[in-house]
Structure formats: C-alpha cells, structure tokens
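Please take these sequences and the hints and turn them into a complete structure.
Residue numbers (this note's numbering), protein chains in the order written: chain A, 1 to 349; chain B, 1 to 353.
If you're looking for bench data, these hints aren't it; they were derived computationally from the structure.
Simulated restraints on C-beta separations:
#  : chain 1 : residue 1 : chain 2 : residue 2 : range
1  : A       : 31        : B       : 102       : 55 to 61 Å
2  : B       : 191       : A       : 79        : 55 to 61 Å
3  : B       : 31        : A       : 185       : 49 to 55 Å
4  : A       : 95        : B       : 33        : 56 to 62 Å
5  : B       : 128       : A       : 94        : 47 to 53 Å
6  : B       : 170       : A       : 114       : 28 to 34 Å
7  : B       : 45        : A       : 15        : 55 to 61 Å
8  : A       : 295       : B       : 352       : 44 to 50 Å
9  : A       : 295       : B       : 164       : 22 to 28 Å
10 : B       : 128       : A       : 316       : 39 to 45 Å
Chain A regions said to be covered by chain B (calculated; three or more residues, Cβ under 8 Å):
#  : segment
11 : 267 to 276
12 : 287 to 301
Only part of the chain B face toward chain A is listed, based on derived beta-carbon distances under 8 Å:
#  : residue
13 : 205
14 : 213
15 : 236
16 : 239
17 : 240
18 : 262
19 : 272
20 : 277
21 : 296
22 : 300
Bear in mind that the values here come from a model prediction, so they are computed numbers and not experimental data.
We treat Cβ as the ideally placed atom computed from N, Cα and C, and that holds for glycine.
Residues per chain, in single letters:
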Amino acid sequence: MPDTMQATARAVGADVALRVESLTIDIRTKSGVAHIVQDVSFTVAKGEFVGIVGESGSGKSMTLMNLLRLIDNPNLNVSGHVWFDGEDLLALPAKRLREIRGGKIAMIFQDAMTALTPVYTVGWHIAEQLRAHRALSRRAARERAIELLTEVGIPSPELRVDSFPHELSGGMRQRAVIAMALACDPKVLLADEPTTALDVTTQAQILDLIRRLRTVHGSAVVFVTHDIGVISDSADSILVMYAGRVVEQGRTVDVLAAPQHPYTQGLLGSIPTPGASRLTSQLVSIDGSAPTPSEQVVGCAFRPRCAYAFDKCFTVPALRPREGQADDHLDACWLQRQAQMDLRIEAGS
Amino acid sequence: MSGESAMTSVNASVRTPRVSGEELLRVQHLVKRFPVNHRIGSRRRELVAVDDVSFSVSRGETLGIVGESGCGKSTLARCVMGLERPSGGAIAIEGRDLTTASKKTMRSLRRDVQMVFQDPYDSLNPRRRVGDIVAEPMLVHGLADAAGARKEAARLFDVVGLNPRYLDRYPNEFSGGQRQRVGIARALAAKPKILVADEPVSALDVSVQAQVLNLLSALQREFDLTYIFVSHNIDVVRYMSDRIAVMYLGRIVEMASAADIYAAPQHPYTVSLLGAIPNNLVGNGAAAGKRRRRIVLRGDIPSPVDRPSACPFEPRCPVAQEICRVRDPEFRTLDDGRYIACHFPGSLDPFEA
Chain A
1 MPDTMQATAR
11 AVGADVALRV
21 ESLTIDIRTK
31 SGVAHIVQDV
41 SFTVAKGEFV
51 GIVGESGSGK
61 SMTLMNLLRL
71 IDNPNLNVSG
81 HVWFDGEDLL
91 ALPAKRLREI
101 RGGKIAMIFQ
111 DAMTALTPVY
121 TVGWHIAEQL
131 RAHRALSRRA
141 ARERAIELLT
151 EVGIPSPELR
161 VDSFPHELSG
171 GMRQRAVIAM
181 ALACDPKVLL
191 ADEPTTALDV
201 TTQAQILDLI
211 RRLRTVHGSA
221 VVFVTHDIGV
231 ISDSADSILV
241 MYAGRVVEQG
251 RTVDVLAAPQ
261 HPYTQGLLGS
271 IPTPGASRLT
281 SQLVSIDGSA
291 PTPSEQVVGC
301 AFRPRCAYAF
311 DKCFTVPALR
321 PREGQADDHL
331 DACWLQRQAQ
341 MDLRIEAGS
Chain B
1 MSGESAMTSV
11 NASVRTPRVS
21 GEELLRVQHL
31 VKRFPVNHRI
41 GSRRRELVAV
51 DDVSFSVSRG
61 ETLGIVGESG
71 CGKSTLARCV
81 MGLERPSGGA
91 IAIEGRDLTT
101 ASKKTMRSLR
111 RDVQMVFQDP
121 YDSLNPRRRV
131 GDIVAEPMLV
141 HGLADAAGAR
151 KEAARLFDVV
161 GLNPRYLDRY
171 PNEFSGGQRQ
181 RVGIARALAA
191 KPKILVADEP
201 VSALDVSVQA
211 QVLNLLSALQ
221 REFDLTYIFV
231 SHNIDVVRYM
241 SDRIAVMYLG
251 RIVEMASAAD
261 IYAAPQHPYT
271 VSLLGAIPNN
281 LVGNGAAAGK
291 RRRRIVLRGD
301 IPSPVDRPSA
311 CPFEPRCPVA
321 QEICRVRDPE
331 FRTLDDGRYI
341 ACHFPGSLDP
351 FEA
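Structure (structure tokens):
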C-alpha cells in the first residue's frame, strides 16, 4: 500500500492509542465470499472512549475481535492495518501479539461466565494475567488480585478471591472480568457489549466503573453496543455501523444532536426517548430488517430500507464530512449531495 | 426534599384519562411460591416469586409492569395468563375468578387473555406453517371451521402487516420482527379482551422494535384492547403504558400513572431505576430546567430465596432508616391516588439541585 509509510508516521503520533485503517474482513463460505466488515477506519486517542453502535450482523463485534486477531479461522480473510505503538497488530508475529493481548490491550466480553473458566477461582484468573505479563510471584500476584478486586468494588475481596465464577452474581462476575482486564494496566480496553446481559441498575454500576477506571488508569476504551443510549453519556465519539460499513462517525455530541445518515436518524427515532408516550409521539420505524452478510446489496446497503433512496444510491457512498457539520463528523450518504456532485462533474468536464 | 414537596409536583403533572374506567381485571393479594431444593439434607425452602400483589386494569388501558430480573414480573404475567396456578390470592376477569374456575369457565377465560412472548424464535413451533399456527386458537375455541380460520388468518396477517401469501411458510423463513408479528396475529386470533405482552421487543433489533411497538399501539386503538405490558426497559414501558407498576423482589413497590412515575417518582427504587438509565438523548425525560440525578445503587438484587425480612429494598436503599430494617412498609394509597410501599416516599430527590 502506498500510504502505509505515511500512515505509520501518523500512527505513532503522541496522542494516538490505536489507529484502525481500512479494516476489511471476508469469510469464505460454501456459497461464496461474504463481506463481514468493509473498509472500517478510526482513531482512538489516548484515554478516549469510542463507542461502536450497530445491530446484529452489522460487523461491530467482528471489528472488535479482529483488532487482536482473536478469531482463528482459515476461511477468514482480514486485511487493513491496526496500528498500536508503531506496530501493525495484523502483521505481528503470534508471539509478539501474545504480549500485547491482555498485557497492553485488554478485552471484556458480553457474557462474563464464558469469559471465566468455571474450574478456577476468580483470583487464579487475575493472577494468571500478572504471572504471564508481569512475572509476579504467586504470592505477589494474589495480593495484587485482591487489590484489583477491591478497586472494581467487589465486597470482601479477600474472601471473593477464592470464589469460583458460579458463586458470583452476573454483575460481580463482570467486575471480576474487568479486574482481570485491568491487571496489567492496559492502554486500551476493548469492551464487547459488557452490560447487555445485566440488569439496568447493575449496568449503571458497570458503566460507572468503566468510566472511573478510565480516569484513574487513563486507558482508552472501545465499547461495542447495540444500544446507542448506553454510551450516549459515556462516549467521546461514536461510529455507527450498518451491514459491515461505518455509515456515520463523529463526536458523540455532534452525532446525537444532528445525525446525518438516515439510518442513524432512524435508530435514534426508533427508541422511545425517556418520558415519551404513544399518546403524544409515534416512533420512527425503519421498514424491513438489515441484510445478512451473504445478501449482497448493490450500492448503499441501507438503500432497500431507506425512505430517501434515489438512483445515486446504487453506488456505495464514501464517508465524508458534510457542509455545515464539524470536520470530524462524517457520514456515508448521497442525500442532498446531488447538487454538489453535478456541479463538480460540470466543472471537471 | 421532603415527601410533601414532591407531592405538590405530582398534582401539577398531566393526567391522561382516556380509559373507560370499567374494571376488566382485578388481581388481589396474589402470591406465587415455588419450592426450591437448596441442598440435600437442608430444610425445604421456598422462593416467593410474587408476594401479595394487588392491582386492577380497566378496559382499554395499558398497565405497564417494570422491574429487573427476578422481580416476579414474568411470573405475575404467567399467573394472569392462567399458565401458573397462584399459591394464594385471586385473579378475576370481569368478576369471574380464574383461581377457582371450573375447567369449562377456565377455557373461556383462557380465550380472554392471550400472550405475546419474548422470544419469537422459541414461541413458534418450527414444524408448523405460520397459517396453521395463527388458525389454531380459532379452532381450539370453536370460533371458526378450518376454511373460516384460514380466511381469518389471512385477514390477521394483513392486520399485523404481513403478506397473506406467506401463510404456508414456516417460522424459519421469517425475520425476528416478522415472527413477532406472527405471534401477535396468533394472540389476536382468539379475540382476547386482554393481551399480555412479556418483553415483546427485547429479543429484537433496535430498528425493528419500533415496528412492533407501533403495531401494538395501532392494534390497541383499532380493537379496543387492554394490555399488560411487561418489560425491564422503563422507557419502553412508559411509552406503551397509561399506568406503571414498578416491581422489586416480588412486590409492587410503586404504582401510578405513567406520567407521574416519570415526573415525580416517589419510591427510592423507582427513582434509582430512572436514574440508572444511561441516556443522554433528550435530558432523560426530566422537566425543563431539571436534570435527572444519576444514581448508582450499591450491591445486587437479593435472591428471592433470601429475602430481607422487612422492606425488600432496604439493603440497597440510599435513604433507608432504622424502621426500614424492622418493619415492612404497607402497600398504601397516597393522596394523589398512587400506590406505594415505602416508609419515606419522596425522600430521594430524582433531580439534581
């Protein structure tokens, strides 16, 4: 790639924690190649909270998992770059990548029960991180594990360190997983729907914890969710994904105040805002449902469901800033660009 | 903030009396206990899923039931459906008691209450054509013959926004939202008076949820249906409901008009539930100039097997006092007509100063 050198130069910029460039993921299936993720690029600044929002099948989790090459499948073809500390994680040898996984970039998952081994104690899980990445002794690791459990707000940590995962509630388990993730003071925390399986009041506790830890440890957070509401007051910036592509991205305040893509608009209109009633407002519903990765939509993937679709939409629109919007607020929609496009073609010819 | 000053704002809030007022369903002192085998050799224990719950629902009204996992909301819904036999109390539909009904009365009562389930994948038989699934309630209740039921199924498909040409397809050929429409058509087929919807949109993608919520709203207007709408999502419950009952650990802790619950919640748990919504979208439903206080509760919901002896919310309550540990608060009516079970209603301010 010709722009690789330039990209590397940018990626090592002092305030960038992680830079994803043109991440593309294909899966070979019996019926052909399915494009799971296409051309996803974003930058995570040090200490920044980035939210990735999308529905099932939008490619949000695949994007996150592949930042650390967590899916080992010969039918999976991942291309692009994930720059971290001047290295491309997608090109790194397995041994070096192991040092980064858990050591410098940690991950928490939706289902804390499956993220923990049922036959080992909570303390063992945390100590394993420390012994692998920090070469701590057994005793020191155990002491540090208790400290970490205290930090994530687990009551009587000196007892809980010897508990097995099934002895903890869902919220406690997620806390234990967060303690594991924090063990090595990661620069980036990847979170895949960590609050989706939890109750509302427990979700508030976990979000609060993630925010607090981010302040204390200065870790950047990449948080994947299907619920734009969950990250609306935590995320600094948001990426909205649809059918494997980013359709809108920008600072959270900008995207929420003035969503540009019809999908983002529909997504925000389809959740009842707090206090809204069916007697006074109707929800905006998006007709139909999202295409599966094996269904190839010509042009913009949202076109079949879009109320504004027109002939231009048979070509895939690029992510671009829009006149009147912030420079870093991008969206991929042809709408209201027709006039500008026409002018440009005339000028060029 | 004292309870009194919170109450004044209640009276100022808007009420929407669009309901007939004619009582359709009455639940009195309902109790549902399940035996639990805790450990071999230990004494038999009981899980109290629903503990002394009373409410009534008027014709044309939507009663929303909101609560977190283990609060008993689904068990309550299943009792009203006649799917669970209550351990105590009474459930009456138009004055006929479901708990003591004969088999024959039971059958007609079952027709009166129909249910829309949470999971549209598990609640449709994968080996049956959707047309047959929708026709079955009509055949079971003798509402139509085979030909008539099929014709009606086609009409119902049209009503719920599905193409009647799909009658002969199998559930796996439909998306989640479409399956939920099939489930709604099946519920409507029995011509019920009450529709119990237990988390009807929780398994659906966000952009599809609105389709189903809009459909349920439209059907209610069109067929004059009465809804019991159960969900963990208080925004969704508020959107669909005229009145809201907030449940915690098997109890209704607060019940009031949906508008009052949002504008001036009185029970500390209701306040906390609203304060836990991580939502920055539009000021979180607070009145102009006010910002909803973010409340992070300590601890977890206690297990229904090990319930606190007095107020169930006391161990997590930010404003609990000595009496809350000793005496169980009664479920009582406040001056503004709302029901509450709390010694100190209104003592947790829902808004930032």
